[in-house]
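> So the protein sequences, as listed, match chains A and B. Position 131, counted from 1, in the first sequence is what this note's numbering calls 124; the numbers after and before it change by one each time, with no gaps. Position 376, counted from 1, in the second sequence is what this note's numbering calls 369; the numbers after and before it change by one each time, with no gaps.
No wet-lab data here; the hints were simulated from the structure. Keep in mind that the hints are not guaranteed to be accurate.
Treat identical chains as interchangeable: a pair holds within one or across any two.
Below, a list of computed lysine to any residue pairs in the SDA-like style, where the Cα atoms sit at most 20 Å apart [what the hints assert, rightly or not]:
id	residue 1	residue 2
1	K299	P288
2	K177	V510
3	K84	F450
4	K370	S32
5	K382	A350
6	K299	A275
2 protein chains.
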Amino acid sequence: MDFVSVSCLFKKHQPKLNKALDACAKRYAWSAYLESPSSKVHGTDIPHAGKINFEDMLNTTFALDIPGEVGRTGEEVSPYLQTPLGIDYPKLDLDILLPAIIKAMPKWADASRETRMGICLEILQKCSEQLFENAYATMHTSGQSFIMAFAGSGANALDRGLEALAYVHRAIQDIPETAHWERKFGAGAPVTLHKKFTLRPRGVSIVICCATFPLWNAYPALMASLATGNPVVLKPHPNAILPVALLVRVCRQILAAQGFDSNLVTMVADTKKEPATIPLLARDEVAIIDFTGSPEFGTWIENNCKKASVYTETAGCNSVVIESTDDLHSVASAIAHSLCQASAQMCTSVQNIHIPAQGVVVKGKLVSFDEVANAIKLGVDDHLSSPKKAAFLCGALVNEEVLSTIERYRGLGKSRAKILRDSTPYEHPEFDNARTATPLIIQVDSQDHDLYQKELFGPISFIIKGTNASSCLTSAADDSAQFGAITAHVYSQNEAFIEQATAAYTEAGASVAFNLVGMPINFAAAYSDFHVTGLNPAGNACLTDLSFVSNRFRVVQQKRMIK
Amino acid sequence: MDFVSVSCLFKKHQPKLNKALDACAKRYAWSAYLESPSSKVHGTDIPHAGKINFEDMLNTTFALDIPGEVGRTGEEVSPYLQTPLGIDYPKLDLDILLPAIIKAMPKWADASRETRMGICLEILQKCSEQLFENAYATMHTSGQSFIMAFAGSGANALDRGLEALAYVHRAIQDIPETAHWERKFGAGAPVTLHKKFTLRPRGVSIVICCATFPLWNAYPALMASLATGNPVVLKPHPNAILPVALLVRVCRQILAAQGFDSNLVTMVADTKKEPATIPLLARDEVAIIDFTGSPEFGTWIENNCKKASVYTETAGCNSVVIESTDDLHSVASAIAHSLCQASAQMCTSVQNIHIPAQGVVVKGKLVSFDEVANAIKLGVDDHLSSPKKAAFLCGALVNEEVLSTIERYRGLGKSRAKILRDSTPYEHPEFDNARTATPLIIQVDSQDHDLYQKELFGPISFIIKGTNASSCLTSAADDSAQFGAITAHVYSQNEAFIEQATAAYTEAGASVAFNLVGMPINFAAAYSDFHVTGLNPAGNACLTDLSFVSNRFRVVQQKRMIK
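Based on the sequences and whatever the hints tell you, model everything.
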């Protein structure tokens, strides 16, 4: 890596940062990175090299040269091949690792704001240059389709990182570096003080990544902590270490090339059998924890890691309420898309679809409950009409537990409700052994609360028959407040109902989208969507806003009397 | 109260808010309120009326008309008269109070940002019009001198409130109210979304006030929470209810006059024998806690109130290190001022004065340890050379426990160290029965850690003999990190030592002041000083900065597809 002076790095990326600042302020659509893996954009060499780079990593030792290595760990299995990736990672002794991290801190803490920001921007830039490798790594760990792994875990995720840097920039620019202060006290002569305000880090920052979107939350958390002076330990999910390892390697290379200690960014990998997360969180040095994963563990962290600032994104019962529409086909297709996309393993995937028993008004005419439910089922079938389409949209299941959940709910659906659409594997055109499942849709009555009032991870959804549109709305909004929600959708052509829904979701502390069709409704846009409200159980932190970044550093001041 | 339309209130106070925003950005000296109680400024009618209003409140029932009143409470005793104020306040049933507060929330949450800001600015304005009443109430509860009660608990405290509003304004202006978002997905037509971003409160905010500066932290905490949409319950210290009750009355009057439910601001008073704080904090409705008081209770809250965001300011071992000076007299006088001011019952009062055993370089010549120590003693004597000066500077002791602490440390000083200056009562020129004490100064060796390594509340200080200037600095900085510090002072003419001290305190997470003389060194300036770093045990929150306000509200969004 060429040596680029630190102020140069900031200057190099400043136009991009400025554009991100403007996008955050006005919240229009923008991306700093390329979403398409097309050879029209990238040529053929880069995609090919990315694939080769990924393949070359299989069945090898991933070197990171992190202090405290006492063995090797890792047991990732490709959801597409259902064979181990065969990659091992450092297994670390925390009693050696943590002191090495602490030792790395002072120089980074003392670096200028622009130095840190420049290096963070450079990290995102270098990551954007390995998006093909990252896409294959994400595919073969999280089970995402290639296109999703390239865009959603690539450009869209990097954008969240840049967005976090924009907020850090705003928060730190709010603190002047110096001040001149002069006043009289009583009858005395005026006194003059020169004041200097020094930004200081909080301490070691732990970023716990999830299995299905390893970097979507990791980029913003890493950037928010690192740019404010904190060292970061990434803790990947045991199923999805490789994408995190690729990121950590970039960070360490750039930090070292810029004359900083590479131990400012490290990774503690583990296996499901020998988990390392809780011992890591229990360390006294930990000041900040970012968590993405299950609501249960998120709540455990919020309740038990009292000395650290905790930022969580978990999951919830994302819902749809259909009251009326002018275009049932498009609505059904949009909802069906959410049920299929990434096999509903996204934090924005829809689970609970509330439809009034009396049906839905379509272009002024009442269409029956059964017809609407069937339209959604047909929408799913249509999205999966060819193995290629299915593979493109659904990808694979991250692990065996998703299959068990499908199996269990198929049973419950049969015995207690109605299977509207059964889940089956689909044949992947490229990987014979891919772990796949199409959406299971269960029709239930609204009183079957125990079936649908919790997040089920994977392609399981409920079409819930409510008494009327109002009661559907009340159920969906109440569930958001009680069980959490990251997204909620309402389809209505009725302004009074839209107003009622706005009020209900606002009261529930949940964001809501109206009448989204013709686009992936799961899509959350960096620089525009405030992701996670923090007002319901689906997480306490927004990715990203000022509160996500402003407590990751503190101000220490020096004042000095000037004669 | 005249009805003033809400947008008018914002417009009325907008110039003041703009000035506060500018002052925060540049951190120069400014005050929005009058610091002097002089009749040259106020005339004679207003001060007289304030005194009469205070006297008229004595031995009466303080009506607040808060729901859930099940009796009366309060047992304040004047530190100047040592007789009860005889004022009683509502004793509240939380099971009635909290539902009434919750009922008050929706309209306030739905109000425009400008409406809430305008009302908060108006509250500060009305409070600034009752500063004489507030000064007498503060005197006769906290024991502050009249001048301190008028300025420090008046203008200086209100400035902290306005500063908090400036930060709220910055944080909420950061969120646009709407956005237009348009992009293409794949080959489809561009989709256009209209987005609306709604600020939402977190929930009930509890503000726990302290005995000696009842409103200095209450104003910023109240303003930060109320302006962001949260209802606020003030919990005064049982010794100092009246200043809080006066504030709460103003809030309730203005809220009601502006058409809002006055239960958005309430007060839960109690007595030492029947404390109400813990049951209040235990309520599920509580989302935000601001605490000022003892480190023990602050830590308890940080560890036990897990569901709420907790902002604390407690106390620490504020220190002085004297290395060299050109003007020993001024240095000694400045330190002595801190030992006397408000009987060292301030969060910025100095306690531990580190002096090298070999003495201090004064104008290039070594002055012995004993001479320097004696200069500080003489500085104290000089500040207290007349009862009028003593009364003006020291005020009275908030409670009997301060006397007990003095008694205990006098004993320890005699048996284990050396009493450099004994504490005696001083005769107050106006109040024969005032509870007073001049500074107790104990000379110790630096190894007598157990004597000085904790905050002692009241006029007790230590002159600590260190091996040399460097070891003095190390001790003082290390104690800041371990036991907390809100202020630290260093006197040095040696640039290398100043650099060393800057590094040591920065590393300790403590702010430091160099060579402050000719001004009250306890003074913390709103809009300029970042009060409390949050990096040492003296508290976790800065009054005020973006992190003090930005997590008191959240963003809920509505997005809607435009055909």
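> Now tell me, hint by hint, if it's right for this structure.
Going down the list of hints, with the structure as the test:
For a Cα distance limit of 20 Å, the shortest separation of K299 from P288 qualifies both inside one copy, at 17 Å, and across copies, at 16 Å. Taking identical chains as interchangeable, the C-alpha atoms of K177 and V510 lie at most 20 Å apart only when they sit on different chains, with a minimum of 12 Å there against 65 Å within one chain. Proximity of K84 and F450 under a CA criterion of 20 Å is satisfied in neither setting, with 29 Å inside one chain copy and 49 Å between copies. In this assembly of identical chains, K370 and S32 lie within 20 Å of each other by CA distance neither inside one copy nor across copies; the values are 35 Å within and 81 Å between.
For a Cα distance limit of 20 Å, the shortest separation of K382 from A350 qualifies neither inside one copy, at 32 Å, nor across copies, at 82 Å. For the homomeric pair K299 and A275, the shortest alpha-carbon distances inside one copy (10 Å) and between copies (17 Å) are both at most 20 Å.
Figure legend: structure checked against the earlier numbered hints; hints not met, in rising order: 3, 4 and 5.
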